[in-house]
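There are 2 protein chains.
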Amino acid sequence: MFLETAEILENGKSLSVRWNNGQSARFHAMWLRDNALDPQTRAEGNAQRLITILDIPAETTLSSATVNGIGDLVLSFFPENKEVVFPSNWLREHNYDIPHNENKGWVGDHIKTWDNALNNSIPTIGYAQAQKKNHEFGSWLGAVESHGFAVMTGLPVTSGTLIDVAELFGYVRETNYGKFFEVRSEINPVNLAYTGLGLQAHTDNPYRDPVPTLQLLACLENSADGGDSIVVDGFKAAEILREESPESFDLLSGYPVRFEYAGTDGVRLRSKRPTIELGPDGEMLSIRFNNRSSAPFTDIPFADVDRFYSAYRKYAEIIERPEMKVSFMMQPGDLFIVDNTRVMHARKGFSGAGTRWLQGCYADKDGLLSTLSSIRSRAEKSQEAAQ
Amino acid sequence: MFLETAEILENGKSLSVRWNNGQSARFHAMWLRDNALDPQTRAEGNAQRLITILDIPAETTLSSATVNGIGDLVLSFFPENKEVVFPSNWLREHNYDIPHNENKGWVGDHIKTWDNALNNSIPTIGYAQAQKKNHEFGSWLGAVESHGFAVMTGLPVTSGTLIDVAELFGYVRETNYGKFFEVRSEINPVNLAYTGLGLQAHTDNPYRDPVPTLQLLACLENSADGGDSIVVDGFKAAEILREESPESFDLLSGYPVRFEYAGTDGVRLRSKRPTIELGPDGEMLSIRFNNRSSAPFTDIPFADVDRFYSAYRKYAEIIERPEMKVSFMMQPGDLFIVDNTRVMHARKGFSGAGTRWLQGCYADKDGLLSTLSSIRSRAEKSQEAAQ
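Same order as they appear, the protein sequences are chains X and S. Using our numbering, read the first sequence as starting at 68 and increasing by one per residue. Using our numbering, read the second sequence as starting at 68 and increasing by one per residue.
Keep in mind that the hints were calculated from the coordinates and are not lab data. The structure displayed is predicted, hence computed values, not measured ones. Check before you lean on any hint, since a few could be wrong.
Identical copies go unnamed one by one, so any copy, or any two together, can satisfy a pair.
Said to hold, decoys possible - Each computed DSSO-like pair below joins lysine-lysine, with the alpha-carbon atoms no more than 30 Å apart:
#1 200 <-> 179
#2 200 <-> 339
#3 171 <-> 339
#4 246 <-> 200
In isolation and in its complexed conformation, chain X is listed as follows:
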C-alpha cells in the first residue's frame, strides 16, 4: 500500500491523503506535528516523545505536503520550517478520520463475549506446555484477553504453585490477604446453611481500588461431592441487559455504587465505582458485582433508587440464567484464571464427606497483555523471516 495524493486543506490546518486502494483520510497539522517520527521528536531506541505540546508552536500549519517516490508523505511545518516523512502504512494504522463507535457499552474487536456454549471449548493448556512460553502459551494468554477466562491443567499439587503460573506472564498483586490465600472448606453437615452461601457469581475485591484485574484459583484437593466452579461473562450479561432494558443498562453504568470490607486486624477497604464501568467514549471497561461486599448505595438520587434496584435485579437475573453459566469441576492440579474486571466466578454447593482446598492469588492485566504482545510480535518476526 502506498500514497497516491496529498492535498493541503484549511490553509494548512489539515490535509487529505489517498492511498492506492482508493481509501482516503484527513489528518490535522497539529496531530501530525505532535506525532512526527523524526529523531528530534521521538527517541530512536524506545520511541518515547522527546518534546512536549508546549514545544510545538500553537499556530503550526502545513506549508507543503507531497508524496515521495515510494508513496510516503513528506511534510513541511510552518513556522518551524521542519520537514518530516510519514510512512504510508503508519498513516493507515493511525487513521482517526473514521466512524467512531457511539454505542454505549461497545466492546473492541479483541473482546469475544460468550455464554455457556463455551463449555465445549474452554481454553485450556497444560502447565508443562505453558512453561515453554511459546505460541501455545500465547494462544492461552490470548484467550484471557478475548474471553477473560482460561484453564490450566497438570500443575504440581503443591502449595503456592499458582504464584509460578502468575510469574510466567506477569506479577502477583500482593494484598492484605497475602501473596496468595487459602480457600479451604471442611465439610460440616452440622452447618449446612454455610454451604449455601457465597454461591452467587461475583467479581473479587470490588472494595479495592484499583481492583485486582486478574484472579487465579488453583485446586489442591477436591474430594467433596459437587462444588463445581462456574464462570459467567459479565460483559455478555451487560450486553443482554442493554438489549432487554436499555434504561437498566444506563442506570447501572450511570451511577456509582459502593463496596466495603472491614476485616479483622484493622483492614478497612472502601470503593465507589459503577456496576458497569464505561469509558468516556462508551467503551465497556469493567464490571463490579458482589452482593457480599456491597455497601449501602448512597450516590443515587432518591427519585432513581427504585428504578436502579429494578435494573440491579434484572442484571442479577441475567447472570443467573443457566445459559450464561460455564461450569467445570476443578481437580487437584487444575487452575483457572479470570479477568476480574469482567468475568464473575461462583461455586455450586457441595456436600458429603471430603475436603475442598483451593488457593487464590491476584495479578494484573498489564503484565499479561505485555507478555502476550511480546509473544505475538516474536511470532510475526519469525514468520517474516521465514518468508
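Chain X is already provided as a structure; the job is to place chain S on it using the hints.
Structure of chain S alone, referenced to chain X:
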C-alpha cells in the same frame, strides 16, 4: 440524635423519618430491606451481606414503621413478614435523600487541592517517627489522601529502603521495572541536551492499566547542582482549566487518549484512558499526563481534534505556571510519595560535576487508605475509652 417520627409513603414503597433536630429524610423499602442489619442479612463478624438481591421479593414494601423507645426505627417488610431495627444514627450516616453534586469534576471533602502555597507546609515526617505507626504516621498518610503528596526524611541511605517505607502502609506493586528501579543520572557535559529532557511534570506509567496509584521516590545521592524535585496537583490544574475553559475540561474528560511503552526485552504496554477521568456522577477520579509515552490520539472524532489539542495545550500551560509548582531539593535519606492518579512530578535540570541517584517504586492506594482508616479508628476508640 434520635428519631421522632416515621411515616409510610407510596403504599409502603418508601417512608419518611424525622430526627429530633428537625431534619428529615426518605428511604425506599427495597433499599432498607437490602441493607437490613439483622444477622440473617449481614454476617455478625465481618458484616458481609449473606443474601443476594434475588433473595428479596421484588414486590417488597413496608407493612409498618414505628419509632421505638430509644428513637430507633422499627420496620416490618411485606411479604417476608420480617422485622428489622435501624439505629437512628446509622440512618443519618447513610441518608441518600440529599442534593448530589452535579458539578462535572467535583472532588470530595477529603480532597484538598493546592498550589505552591503548599511550599510552606509540605507534609513531612521522619522515618523513625513513621515506624511507630501512631497518630503522626496517620496524619502523614492522611496528607497523602487529602493532598496526594508527602515527604519523609531521615531514611537510612541504603539501597531498597523505600520498600520498607511502602510496607509500613501497604504493598509494593511489582512491575517489569522490578520491585523498585534506579533513577541514576551521571553528569555528562558532552550530552547536555539530555539534562533538558524529562522535565515536564507527568504522572508515571499511564501506559499501564491499572496504573500504579502511588509512587515513592527515595534519594540516595545528590551531589549535582540543581535537579530540584517539583510536584504539581493535577486536580488543581484541572479545576483551573474548568474555570478558565469549561469546553477544554469537557474535551479532556470526554475523550480517551492512548499511551504506549515498548521497552527492550519485549515489554509492550498500552492503555486507553482520558487525561481527566471522571466517575459516572462527575467525580474527578484521576489524571494521566505524560508527553513521553503519549501514543497518537486515534479516538477523537476528526471534527474535535483541533479543539482537543487546544484543550490539551491549555492544560499543559496551567501545569507549567510557576504558582502551581511546589519545589524542594531531595537530600540523601529523603523520600517523597505522590498519588500517581493525581499529582504530577517533574525535575529541574541539573549541572556541574556530581551524581544524582534516586530509587523509585510503586504501590497502591487501597493498602494506604486501609491503614489510614485503621489508625483513625484506633484513635477514635482510645478517645472514647478516655472519655
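Q: State the violated hints by number, sorted upward, taking the hints as numbered earlier in the document.
A: none
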